[in-house]
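My numbering applies: residue 1257 is where the sequence shown begins, and numbers increase by one.
Simulated crosslink set (DSBU-like; lysine-lysine; CA at most 30 angstroms straight-line): (1) Lys1494 with Lys1317; (2) Lys1511 with Lys1475; (3) Lys1396 with Lys1475; (4) Lys1413 with Lys1300; (5) Lys1300 with Lys1331; (6) Lys1407 with Lys1396; (7) Lys1358 with Lys1481; (8) Lys1407 with Lys1331; (9) Lys1432 with Lys1372; (10) Lys1494 with Lys1358; (11) Lys1481 with Lys1494.
Read the hints as simulated data drawn from the structure, not as lab findings.
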Amino acid sequence: MKSMIQGRFKVIEELSKGSTSNCYLCEDTSECRKVVLKIIPRDKYSEENFTNEVKLLDICKDPAVISVYDTITSKEEFIIVMEPGTHDLLNYIQENGPLTEKTTRYYFYSLIQALKVMHSHHIVHNDVKLENLVVTKDDKIKLIDFGLSEKLEINGKSKMFRGTFHYLAPEVMMFKPHDTKSDIWSLGVSLFAALTNEFPFDGDNQYEYSMNALQKPPKTELLEKKRVSESLVSMIQKMLEKDPEKRISIEDCCKFNWL
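Using the sequences and the accompanying hints, generate a full structural model.
Laid out in structure tokens, this is it:
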């Protein structure tokens, strides 16, 4: 990485440090623009996984999906060069409080359209969450991090049981095969959290939260307290349907008057 940065990229700041990758805001001196480098050590990611992530990003090209400018490989690591954002929704909400319904509609309309494209290709993101929704300098929402994403066979199911705990669908929590409907649950949790700065179920630990997510209805009284429109409350409730067979699809989401 050091030689690559010295030759082309100038690090401005470290954005995140994860278990499998680190992200840096950099100046791309060859293109005279700011970029984000996602750097993945080879000992934590196979070449097959890297190729799959890049391929799925290419299939899912959409205004609300992060753009990839370039990819670089070396003996030590894989690098994805992407467009930069200014902040993610989680940090913004933690610092500024919940979004208004108007702002939520503006951002999530674009996200729903992006997921519609993905799901039409039978691609499951597997990690839809506020941290993976970044806002660009021109105030556009972008879905990032396709490291857990996978393309399913038609009518196929995923047996990948990974993601971010509070956003996991019940079928994923119970280690059951799942499909694009698991993204819908995660989208519902993201919407709820964006509007309230809370998760839709109580729980002081993972066990309590999972039991409530599996057995209790979401805390829609928090949405009603914020005077969220009935149409949006209804959509979130249908997204957080525990039975994936009864849960709405992304196409159903597009039919709601709220959008």
